[in-house]
Amino acid sequence: MMESRPTIRQRIRTEFGRVTKSVMRIGWPQTDKDRAAVMISSIFLHIHPARVSKHALKPSYTLGLGLISAILFGILTLTGLALMLYYVPYPAEAYRSMKDLQFVVTFGVILRNMHRWSAHAMVAVVFFHMCRVFWTGSYKTPREFNWVIGVVLFLLTLLLSFTGYLLPWDQLAFWAITVGTNIAAYAPVVGDQIKFLLLGGHVIGPTTLLRFYVMHCVLLPLAVVMLVSLHIWRVRKDGLSGAIRVDTPVAEKGGAFPASTKTYGLMALTRRPSASVDARDPNDEVFAWPHLLYRELLVTVAVIVALHTVSLLFMAPLESIADPTRTPNPAKAPWYFLGLQELVSHSAFIGGVLVPGLIVLALVALPYLDRGTQGSGRWFAPERRVANTIYTAVVIVAVILTIIGTFFRGPNWGWVWPW
Amino acid sequence: MSTEMRKPGDAPREPARREFFFAGVGALAVATAGFVAATFRFLLPNVLYEPSRRFTIGRPEDFPQGPPTFLPDHRIFVFNGGTEGFYAISSVCTHLGCNVKKGGPGFTCPCHGSQYDENGRVVRGPAPASLPWFELSVTPRAQLLVDQDRIVKPDFRLKV
Ligand code: HEM
Ligand code: FES
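Taken in order, these protein sequences are the chains called X and D.
According to this note's numbering, the stretch in the first sequence is residues 1 to 419, in order.
According to this note's numbering, the stretch in the second sequence is residues 1 to 160, in order.
Incorrect hints may appear among the rest.
As a list, the in silico DSBU-like pairs of lysine-lysine whose alpha-carbon atoms are at most 30 Å apart [to be verified]:
# : chain 1 : residue 1 : chain 2 : residue 2
1 : X       : Lys332    : D       : Lys101
2 : D       : Lys153    : X       : Lys195
3 : X       : Lys195    : D       : Lys101
4 : D       : Lys102    : X       : Lys332
5 : X       : Lys140    : X       : Lys237
Sample of chain X residues with no beta-carbon within 12 Å of chain D, all distances over it, derived [said to hold, decoys possible]:
# : residue
6 : Ile47
7 : Val299
8 : Thr309
9 : Leu318
Using C-beta positions, here's what the derived DEER-type ranges look like [stated by the list, open to error]:
#  : chain 1 : residue 1 : chain 2 : residue 2 : range
10 : D       : Glu118    : X       : Ala306    : 48 to 58 Å
11 : D       : Pro154    : X       : Arg234    : 55 to 65 Å
12 : D       : Ile151    : X       : Val386    : 50 to 60 Å
13 : D       : Ser52     : X       : Val399    : 44 to 54 Å
14 : D       : Pro154    : X       : Ile350    : 26 to 36 Å
15 : D       : Ala33     : X       : Gly410    : 45 to 55 Å
Hints are computed from structural coordinates only; laboratory data are not their basis.
This structure is a prediction, so every number in the text was calculated from the model and none was measured.
The C-beta atom is built at its ideal place from N, Cα and C for all residues, glycine as well.
Model the full structure from these sequences, guided by the hints.
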C-alpha cells in the first residue's frame, strides 16, 4: 500500500495553523493553563490579571464605570482620528471643514456626532466613576496613589473637552474659550502669563487654535493613554477593592523588598495560591479569559450601539462662525463648566480659581487624610458616614449650580424659568 | 594629595575619576536644564500677528454726537461730546472678556450680567474693574488715533 500522503486540504490547514501559532503563540485557549497563559503572554491582555475575583465581576459593585470611561476614550480616539482627515486648524477654514463634515462628507455628520456625544459622555462617566470609587471607599490603602492618578485623569478629561470645544470655531466655541481663558488670567501672580501661553498672544486667534489643536489631538491624549495604562495596571496589581479575604495579611518583613500582594505559584497556572501574602479566597476567583473579557466585550458593544443611536438622533450643535465682535447673549461655557460659570458670575476669583483650586487640592489630599481601611470595599458603608455625607453634599451643590447655570440663566445671566 | 593613612587591604581611592564623573553629570544636568528653559521660552511667540493696539478710526466728523459709536472690530465705543470733546471706552468686559452692550444710561454685559455706568464704572455684577478709557489723538491727516496701550482717566476729552 502507498504511504498515505496528506491531502492538499490537510497541508493547507497545517501550514495555516503554523502561521496562526507564530502570531498567537497560545492559540484559542482550551485549558485553564492556556487561559492564564493567554492573558499574560499578550502585551495588551496583560493589563488584565490572569484571574479576577467573582466580586470584581459584579456589575453592581463597579457599575462598569471605569471600563466605560476607557471604552469612550477608545471611541473618541478612533472618531477623532477620522475627523482629523478633514479638519484644518485655521480659523475660517476650521469652521468650513466642520460644515463640510456636516453636509458634504459621507457619514461625516455621524462621526462628528459620535465624537461630540462621546466627549460629553466621558466627562459624565469619569465623574460617576470617581463617585463610585468614593462611595465604596476604594481609594484607601493600598490604592491612595491610584486615586491621585484618577484625579489627574479627571482633570485631563476636562481639559480634553475644553480644548476640543474651540476647534469648530463657531460662536459657541469662541465665547466659551474667551470666558474660560480669562478665568485662567485670574490665577494669582502668573495668571496673565498662563493666559498668554495658552492663547499664544493676547487675543484668541490662529495661534490659539493651533495650540488647542495640538493639545487636543496629541499632547493630552498621549498623557491620558499613559496614565490610564498606569491606572489600570495598578488596579490589576492591587486587585479590585472589596474582594473576600481568607487571611489577614502578613506584615511586611524586614523591608527587604515590598511583599507582593498577589503571588501565585507559576503565575496562576495552578489553581491554588502558593505564596500569597494578601491571600484571597481561591474559590472566589475565576479566569479573566473568558469571564472578564466576555463582559468587557459585551459592554463595549452596548456602548457603541448606544452612541450610534444617540448620534443618529441628535445633532451636535454648530452655530454661526466665530465673531469676536458679537457676544451671544447669554454666552455659556460647556455644561460641565456651568456650575463654575455660575460661581464666576458672582466672583471671578472665587469661582474661577479659589473653589476649583481647593476642590482639586482636597481630592488629591483625600486618601492621605482619610486613613484606615474601615468601610472600604462596600457601597455606603456606615463607618464612612461622615466622609460620604461631606462628599455627597459637595456633589449635590455642584449639580445644583450646574443645573442653575444650564437651565435657569438667560440673557445677561439673569434668572429665567425654563418652562 | 591626601595625607591620610591607608590601611592595607583598603581599595585604592580614585578621587580624580569620581570627581570627574560628578563634574560631568553636573554639567550635563545644567545643560539639560538650559534646554528645558529654552524650550519653555520657545512657547512664547515673539511676533504676534494680531491687530495693532494703536490704530486710526476715521475723521472726527464721522462720529455723530449723542449716543456712542460702537466699533466692533476694535471693540471700543467712541463718544462725540460736541464742544466737550471726544473720548473712547473699551467694550471688553473686565470680568471675563465679553463685549458689553450699550444699555440704559451705561453698559451691560451679556455673560454674567455686570453693569457699568455711562463712564464705565462698575455699578453691579462680578466685574472687578471699570472699563478702561483709551487715549485719543489726532494725526496730521486729521484722523482720530486710538492707543490701547495708553489708559486715561475718565475726565479725558480730546478737543478738535
Ligand atoms: C480617564 C478616566 C478613567 C479611566 C479610563 C479609569 C479606568 C478605571 C478602571 C477600568 C478601573 C477598574 C474598576 C472599574 O471599572 O471601576 C478603575 C478603578 C479605579 N479608579 Fe479609575 N478610571 C478613570 C478615572 C478615575 C478617576 C477620576 C478616579 C478618582 C479620582 C479614579 C480612581 C480609581 C480607583 C481608586 C480605582 C480602584 C477602585 C477599586 O479597586 O475598587 N479613576 N479605573
Ligand atoms: S464677562 Fe462680563 S460679566 Fe462676565
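Taking the hints in turn, this is what the structure says about them:
{"no.": "1", "hint": "X:Lys332 / D:Lys101", "result": "17 Å, holds"}
{"no.": "2", "hint": "D:Lys153 / X:Lys195", "result": "27 Å, holds"}
{"no.": "3", "hint": "X:Lys195 / D:Lys101", "result": "25 Å, holds"}
{"no.": "4", "hint": "D:Lys102 / X:Lys332", "result": "20 Å, holds"}
{"no.": "5", "hint": "X:Lys140 / X:Lys237", "result": "15 Å, holds"}
{"no.": "6", "hint": "Ile47", "result": "32 Å, holds"}
{"no.": "7", "hint": "Val299", "result": "40 Å, holds"}
{"no.": "8", "hint": "Thr309", "result": "35 Å, holds"}
{"no.": "9", "hint": "Leu318", "result": "21 Å, holds"}
{"no.": "10", "hint": "D:Glu118 / X:Ala306: 48 to 58 Å", "result": "54 Å, holds"}
{"no.": "11", "hint": "D:Pro154 / X:Arg234: 55 to 65 Å", "result": "59 Å, holds"}
{"no.": "12", "hint": "D:Ile151 / X:Val386: 50 to 60 Å", "result": "52 Å, holds"}
{"no.": "13", "hint": "D:Ser52 / X:Val399: 44 to 54 Å", "result": "46 Å, holds"}
{"no.": "14", "hint": "D:Pro154 / X:Ile350: 26 to 36 Å", "result": "28 Å, holds"}
{"no.": "15", "hint": "D:Ala33 / X:Gly410: 45 to 55 Å", "result": "52 Å, holds"}
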